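Just need the whole structure built from these sequences, with the hints factored in.
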Amino acid sequence: MNPKQIGVLIVVIGIIAAVQFGMSFQGKARDIDIQAEAAIAEEKSLHTQLDAERGTLADLQRQSKELLSFVAKWQPYYAVIEEKQAAETGISMKVREAGMLNLSQRYQQVPHKINNKENVSLPVLVRATLVFDDNYSTLLNWFGNMEKIKPTMRIGKISLSKGSRGEDLRMELVLEVPLRKAKPKT
Amino acid sequence: MQISAAQIDDLKTERKDIMAPLPRVMRLVPILFYGSLAFLVVIGSVSSLRAKFAGDRRNAVLRQVEDWKAQIVASKKERAALEAQISEAVDLEDWVLASMPLQPLVVAIIRSMNPQSSIVDLTIERDAETPSQLRIGLRLNSDSDKQLEQTLEVIRRMNYREFNPTQTRIRGDLDYKASLLWQDPNSERQTPEERSAGKGGA
Chain A
1 MNPKQIGVLI
11 VVIGIIAAVQ
21 FGMSFQGKAR
31 DIDIQAEAAI
41 AEEKSLHTQL
51 DAERGTLADL
61 QRQSKELLSF
71 VAKWQPYYAV
81 IEEKQAAETG
91 ISMKVREAGM
101 LNLSQRYQQV
111 PHKINNKENV
121 SLPVLVRATL
131 VFDDNYSTLL
141 NWFGNMEKIK
151 PTMRIGKISL
161 SKGSRGEDLR
171 MELVLEVPLR
181 KAKPKT
Chain B
1 MQISAAQIDD
11 LKTERKDIMA
21 PLPRVMRLVP
31 ILFYGSLAFL
41 VVIGSVSSLR
51 AKFAGDRRNA
61 VLRQVEDWKA
71 QIVASKKERA
81 ALEAQISEAV
91 DLEDWVLASM
101 PLQPLVVAII
111 RSMNPQSSIV
121 DLTIERDAET
131 PSQLRIGLRL
141 NSDSDKQLEQ
151 TLEVIRRMNY
161 REFNPTQTRI
171 RGDLDYKASL
181 LWQDPNSERQ
191 TPEERSAGKG
201 GA
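In the order they appear, the protein sequences are chains A and B.
This note's numbering puts the first residue of the first sequence at 1, with every later residue one more than the last.
This note's numbering puts the first residue of the second sequence at 1, with every later residue one more than the last.
It is possible that some hints are incorrect.
[Claimed, not checked] Heads up, incomplete: computed chain B residues facing chain A, CB under 7 Å, no partners named:
hint: 1; residue: Phe39
hint: 2; residue: Arg63
hint: 3; residue: Gln64
hint: 4; residue: Val73
hint: 5; residue: Leu82
hint: 6; residue: Glu88
hint: 7; residue: Ala89
hint: 8; residue: Leu92
hint: 9; residue: Val96
hint: 10; residue: Ala108
hint: 11; residue: Ile109
hint: 12; residue: Met113
hint: 13; residue: Gln116
hint: 14; residue: Leu122
hint: 15; residue: Tyr176
hint: 16; residue: Pro192
The set of hints was computed from the structure by calculation and includes no laboratory data.
Keep in mind that this is a model prediction, so the values were computed, not measured.
Just so you know, even glycine gets a beta-carbon here, dropped at the ideal spot from N, CA and C.
Dropping the structure here:
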């Protein structure tokens, strides 16, 4: 190979290198373009997802508004009772205050289910079984009053029969107080 | 001293042309070389500009993508919190709707008695699995069946509907058992104040 041919070869290599270099610039630009297009597609998809998410949230807020405002009125009554002891003390104090003839008091804690489904927020019921033998009107007024002053408490069972004295009634009453699930202390 | 041209010619040694001329087509090589340089400059500049603009666009979009992602996460978090709140509210509502006061019903049953009739035993028990349902057991000392009809009428007026009733006579006493269903407990959502005031329900 003579020097002329070598010179031509070097120049040809230079040409190829220049073209390759130019093509690599173009390829790099195209890659960035593709990345930008992919990012735009992802952004569009995320925007759609965000719109859907916001829509779901708004629907949920609209649908639950009435329920939440209803329950908000009851929340303070549930908030105060989280322990069995508090529920027991509340009931036994009311029994003492009434001064009725109380034959027995028994308290137990039972799991709370409604329609066979566990109630997660009110997982436990304190069940107070009280037996009284007293005047008819005193007993009925007392348990009616209990239902009024403790609206979250309910009567699980009431059984009325003839009492030990003339006009007296024997009343077996099962009071149920739901205990709210204790919130983790922060 | 001057040397003539003829003498110089004489000094040259006789030799052959050592390099054969390149083919004529090789004249294109330098043209192509300059062309490739021009191509490199033009394409390089255009590509660099294109890459810069695309990179800026990509970065801006990626920032937007991050923003959307953060907003989606925040919205999902808010939805999860709301769902937890709703779940808790449903639990509390289930209790409220299944804990209607019983005293008005008991009083109404007692007041429905005629002077000739008396209650031997009255038991009202909430169904453990469906607390909006009650089981009533009423033993009456009465000469006529009209008393029971009268009492049931009072119970119906309190928005309870009886089902699965059974009626037997035991040693002269009328023993009545039935389940009572509070009609449409969802129709009225009582507030604690309304319940305390004794409005609605039983």
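So, going through the hints one by one against the coordinates:
{"no.": "1", "hint": "Phe39", "verdict": "holds (5 Å)"}
{"no.": "2", "hint": "Arg63", "verdict": "violated (10 Å)"}
{"no.": "3", "hint": "Gln64", "verdict": "holds (5 Å)"}
{"no.": "4", "hint": "Val73", "verdict": "violated (10 Å)"}
{"no.": "5", "hint": "Leu82", "verdict": "holds (6 Å)"}
{"no.": "6", "hint": "Glu88", "verdict": "holds (4 Å)"}
{"no.": "7", "hint": "Ala89", "verdict": "holds (4 Å)"}
{"no.": "8", "hint": "Leu92", "verdict": "holds (5 Å)"}
{"no.": "9", "hint": "Val96", "verdict": "holds (6 Å)"}
{"no.": "10", "hint": "Ala108", "verdict": "violated (11 Å)"}
{"no.": "11", "hint": "Ile109", "verdict": "violated (9 Å)"}
{"no.": "12", "hint": "Met113", "verdict": "violated (12 Å)"}
{"no.": "13", "hint": "Gln116", "verdict": "violated (17 Å)"}
{"no.": "14", "hint": "Leu122", "verdict": "holds (5 Å)"}
{"no.": "15", "hint": "Tyr176", "verdict": "violated (14 Å)"}
{"no.": "16", "hint": "Pro192", "verdict": "holds (4 Å)"}
Checked against the numbered hints given earlier, the structure breaks hints 2, 4, 10, 11, 12, 13, 15 and satisfies all the rest.
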